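Trainee: Protein sequence lines, in the order shown, are assigned to chains A and B.
So the first sequence is numbered by our numbering: it starts at 1 and just counts up by one.
So the second sequence is numbered by our numbering: it starts at 1001 and just counts up by one.
Hint data in this document are derived by calculation from the structure and do not stem from the laboratory.
Any given hint could turn out to be false.
Okay, derived cross-link-like pairs now, DSBU-like style, lysine-lysine, Cα gap no bigger than 35 angstroms in a straight line [unchecked claim]:
| no. | chain 1 | residue 1 | chain 2 | residue 2 |
| --- | --- | --- | --- | --- |
| 1 | B | LYS1394 | B | LYS1019 |
| 2 | B | LYS1019 | A | LYS147 |
| 3 | A | LYS147 | B | LYS1394 |
| 4 | B | LYS1345 | B | LYS1019 |
It should be emphasised that the depicted structure is a prediction, and the values quoted were computed from it without experimental measurement.
One-letter residues, chain by chain:
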Amino acid sequence: MTSIFTHDDEDIANEEYLAGESPADNNDDSAPLVDLRNVTRSVVLADDQQLHILRGVDLQIRVGDHTAIVGRSGCGKSTLLNILGLLDVPSSGQMLFDGTPVERLRSNTRAKLRGSSIGFVFQQFNLLPGRTALENVVTPLLYAGRKEFWRRNTLGMEILDRVGLAARAGTQPHMLSGGEQQRVAIARALVRRPRLILADEPTGALDVETGQAVMDLLDTIATESGAALVTITHDLNVAARARTRYRLDAGVLSSSDGMPVNDVLMGVSA
Amino acid sequence: MTALISTMVEAWSELRIHKTRVLLALIGVALSVAVLTTVVGVGNLTREGMRVDSERNGGREATLGVSVYADPSAAQAPDADRTASVLEATVKRYGFTHASRVTQAQGRFQFPSGVQSVQLTVVDPAYGAIHRVDIAQGGWFAEDDADRLAPAVVVNDAFYAAAGRPNLATAPQVTVLGSNKATAVIIGVMPNRYPEEMPQAFMLTAAAQAVGAAEQMPGMGPELRIWVPAGMAEQLVSVLNADLAQQLPGAQVSVHRSDYAAYGDPFAMVQLMVSGVAALILLLGAVGLLNISMVTVRYRVREIGIRRSFGATSGRIFTGVMMESVVGTTVAGAVGVMIAVAVVKNPWVESKVAPGLEDYPAFPVEAALLGLGAAVLVGALAGAIPALVAIRVKVIDAIRF
Ligand SMILES: Nc1ncnc2c1ncn2[C@@H]1O[C@H](COP(=O)(O)OP(=O)(O)O)[C@@H](O)[C@H]1O
Ligand SMILES: [Mg+2]
Chain A
1 MTSIFTHDDE
11 DIANEEYLAG
21 ESPADNNDDS
31 APLVDLRNVT
41 RSVVLADDQQ
51 LHILRGVDLQ
61 IRVGDHTAIV
71 GRSGCGKSTL
81 LNILGLLDVP
91 SSGQMLFDGT
101 PVERLRSNTR
111 AKLRGSSIGF
121 VFQQFNLLPG
131 RTALENVVTP
141 LLYAGRKEFW
151 RRNTLGMEIL
161 DRVGLAARAG
171 TQPHMLSGGE
181 QQRVAIARAL
191 VRRPRLILAD
201 EPTGALDVET
211 GQAVMDLLDT
221 IATESGAALV
231 TITHDLNVAA
241 RARTRYRLDA
251 GVLSSSDGMP
261 VNDVLMGVSA
Chain B
1001 MTALISTMVE
1011 AWSELRIHKT
1021 RVLLALIGVA
1031 LSVAVLTTVV
1041 GVGNLTREGM
1051 RVDSERNGGR
1061 EATLGVSVYA
1071 DPSAAQAPDA
1081 DRTASVLEAT
1091 VKRYGFTHAS
1101 RVTQAQGRFQ
1111 FPSGVQSVQL
1121 TVVDPAYGAI
1131 HRVDIAQGGW
1141 FAEDDADRLA
1151 PAVVVNDAFY
1161 AAAGRPNLAT
1171 APQVTVLGSN
1181 KATAVIIGVM
1191 PNRYPEEMPQ
1201 AFMLTAAAQA
1211 VGAAEQMPGM
1221 GPELRIWVPA
1231 GMAEQLVSVL
1241 NADLAQQLPG
1251 AQVSVHRSDY
1261 AAYGDPFAMV
1271 QLMVSGVAAL
1281 ILLLGAVGLL
1291 NISMVTVRYR
1301 VREIGIRRSF
1311 GATSGRIFTG
1321 VMMESVVGTT
1331 VAGAVGVMIA
1341 VAVVKNPWVE
1351 SKVAPGLEDY
1361 PAFPVEAALL
1371 GLGAAVLVGA
1381 LAGAIPALVA
1391 IRVKVIDAIR
1401 F
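So here's chain B without its partners, still in its complex pose (with noise of 0.2 angstroms):
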């Protein structure tokens, strides 16, 4: 008799001892949730920083660049005022929305404490919206400011700085050093993209030719960026380039996407390498979890073995066990995504992942899917091979003593 209440006691402390295991592959689960799901969030912010930076220089997805030159073996090239003229006709024949010459220039400014070289980049209005231009203070170019007698600039912080911070409410003056000297007028300031930025100053054609701001080099024209929805930028490609071959004869014409995206995401590598990380990470959390499922197996099959000699067919079985171990893990895993949305979403951590970024992306939806869906996937793995195995152990030798 007391040996038989004694084994039932020692029978109820082996539970318990694998209850308070099971909890610690739970707390193992959700702390590899947590890491997969922050290494992915922090991914995806890097991610998005790079992707911002890049596209203020190249452009978002799809942006084409069309180059003019003129062909050194050709006898006679097409003058300037006739390709900007074609350039322009073509893009009004196409129907693009959003098209901006641009020039990378040097200008030369007053500042008080003297005269500095700026990174002068000249444009159209469109640019704004074809390299998702930020602006902190002031407004970027509108169509209209084409026509101001005083030429409009946006600057950067860091010539903004130079200037003395004037308030931009007094439309304040800066003079620019061209072949005519001009005084402008900064309109508005983008932020610096990172630490140290030396200034730089954006500037609409006209405005631009009428200062004498930028001198461009003898046959090259401007070149044209045009955002293109990105299903047609191949096919807008070649068509332009052949197009404007034919327009422009005795003229070397270049169509090329300058988006980042281009290539191919240049940030899969990245993204990879993280969630080959994370998913090892996950990995080792889901032996953890197995390793405890299999040590309970033994007490399980018979447990199993009785309620089958009740009635439960081998198909309620396997869904209990599963679900037993999938309703842990999904738990597990949702304290993980919360972890991880705490960790990613902290400001501290925010502002040294992505320097670049202005506006953060909110906590993104997929790293917590994917978070929770790893989750459910150690739990069904967990749960379906002691399941399996206890299924196939035959009832008889599940409740024989």
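If we strip away everything but chain A, and leave its shape as in the complex, we get (with noise of 0.2 angstroms):
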């Protein structure tokens, strides 16, 4: 399999906050990327009650995991993506990212850890309207390092062609379809060569042939890259795709490994 993932190995810029541990290897029995201890989040209501809309989570997310976390509209599943993505964090309980806790960083420490860490894959794509497809893919490398920032439009051209829109790159997201704009979407997420890649809901504005291209994409170029993919999903062939499977029902998160793939879904698309 060709690869673009195989030049500068050694920019991946995470060592001033991640030092130590080195999670390069795919190994069971090495740290996990991600890891989540008796996280539960909560929110204060208008009239005082409180909502727990996590309760109690815990998960390890290990380089190179594909998992999918299927539920009901409402029961969590996009607080529990943004606890992962460094953009919320957990009410109690604690979050390792690569060993580090996470509550204890400041927010310009999480934004530069998300930004060469994590690559973001949303519903609505959230493309910068305005901007041509490259220069939405660049976004995430004006703040990056200086060496990727001057090497934006290379780097940039380099993903656009591996999701199959080189051609389009001076196109703006409302001249594409909703699949194009996803992949433009894939590139941007991946152009920094992120460890976690969290799609919410990736094919959730696309019909089921595109979804199912997209999810192609999403899966091999993830593979490729090494990095490890987190999937939210209604779409039952998504979940399939995924290695480790986990249901979240109101708050709770439940893993469902070697249970059919129709009880992990049931009631969601009721």
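Since each chain comes alone in its own frame, lean on the hints to assemble the complex.
Mentor: Next up, the structure:
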């Protein structure tokens, strides 16, 4: 398999936050990339009542894992993904990112760690309107180190080529189909070669066939790069692709390994 | 699918609408900066015109006026010669470089149309520098003009016109009807300070005495005007008062500042009012821009959420939003300042605003800087408020569908 992820691996720019352990190998006994321990998330509602969105979630994600999380709308999937993506912090419990407890990190440090190690793919693509596909793809490189910044157009074109959209580099999002937009978004999520890819219902806004093509691409490209992929989904086929599957129900996460896919998804599509 | 694309199209057209609005808001900023800068520039020009006028009357900053009167209660007053020599010696002793006696009088001159009484100011050569006298033709008095056989006169344009505008190169003469009839030579012409000015003439002290052109009131000598460094003026007033009173027993000595700056800046009020109006105008421009920025903030919050999820720190977001706004208003401000310069330096405007000025001052740098600074400030404000709002919104809320 050809891979674009063979060049200068030394500039994965995490050393300053993540000194010590090297999570590069994919052994199960290595330290997990993400380790949630009894994580809860609750918010105070307008009437002073507590809403417990996540209740005691334990979850380990290792480099190279492909994980699916399924659950009904409103069960807390996005909240969990936001915590995994360092966009949100647990109300209680612990989260380690590459061995570092994230609640101790300053928000700027979290932002930099997010930029260097995590790539997001959203249901609504979230491309920046008015900017071309290439401009969108290189956006994360604007917040990267000098080397990546100055090579941004080369790096951007490489990854656009990988998702098959090199020819549309100068096209603005509104001129692209939904599937193409999501491929641009995937290119953007991967342009800094993150070790964790978080996809929040990546096929939710696409028709079935386009969704499958996008998931094929996401799976392949994540495998090539050796990144961990966490996908939130309603889609039966998407869930079936993942090696590890979890079910989230009213904030409680349970493993569904070994369960038939239809049981896992029970109620989700109802 | 169609719904999706139409959402995108909608978002895009929304952005385009905002772009137009932002452009309009920037035009608003450019115009209000133009008004602000023009108002301040015109204010400065007016001020300069008024200042030059005041300096011609009261001397430039700082001019001291020294008057010596006979004290009616004293048995014996010093005579005029004694007073004159004391004053002269004092000027020498203090090392004043610019000092002039000044007497206002009426002089009678023979014009082609008949004899006319003219305001005659009897001075020493230094008067020209102290009062920044403007000369349109010929020159002001030099030290050796006092030695001329025929007394020299410097006249204003009204006098010059009444005398028939003779060529100064021919040393034109004019008859002074003092106690001795004498023939004076016109050596310089000053422009009229305002339209319809009456004829005026200046003559040196010695010459005026020789022809008896200016009768003085008994017991009162000429006023002495001294140009001193502004920082020393207050100190010199009290020192000179004490010194002269001691040297001239039996006389009342009055030393005071005669320049316009002595009583504070009389134009501060004008400037303040003008600036107030200008600031108000700019405030309107700022509110307009802020309004637009706030309208676009919702859209901006989402974009910022996306950028933050890809590693932008809050500081980076803040400066980014700020810079966009500041760069926009700075360009708008520069355009506004250019408009203002074009207006204020327009010859017609200049002649209307400061009719007393011969040479118009360069466009005031402080007005241009004020305009630009105000534009930058407006941009910073209009950018900072939405930027603050934006970075306070949680990323998760910003990117929630
Ligand atoms: N900041 C918040 N304030 C109040 N309610 C919230 C907040 N965040 C999430 N929720 C609620 O928590 C529940 C879970 O949200 P979310 O994680 O987005 O669910 P999912 O992605 O599984 O649909 C929803 O009912 C949502 O309304
Ligand atoms: Mg969700």
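Trainee: Is LYS1394 (chain B) close enough to LYS1019 (chain B), meaning Cα to Cα at most 35 angstroms?
Mentor: Given pair LYS1394 (chain B), LYS1019 (chain B) holds - Cα atoms ~25 angstroms apart, limit 35 angstroms.
Trainee: Given the hint that LYS1345 (chain B) pairs with LYS1019 (chain B), test it: the Cα-Cα distance must not exceed 35 angstroms.
Mentor: holds (34 angstroms)
Trainee: Taking only the CA atoms, is the gap from LYS147 (chain A) to LYS1394 (chain B) under or equal to 35 angstroms?
Mentor: holds (30 angstroms)
Trainee: Can you confirm whether the C-alpha distance between LYS1019 (chain B) and LYS147 (chain A) stays at or below 35 angstroms?
Mentor: This hinted pair holds, its Cα atoms lying about 33 angstroms apart.
Consistency note: the structure conflicts with none of the earlier hints.
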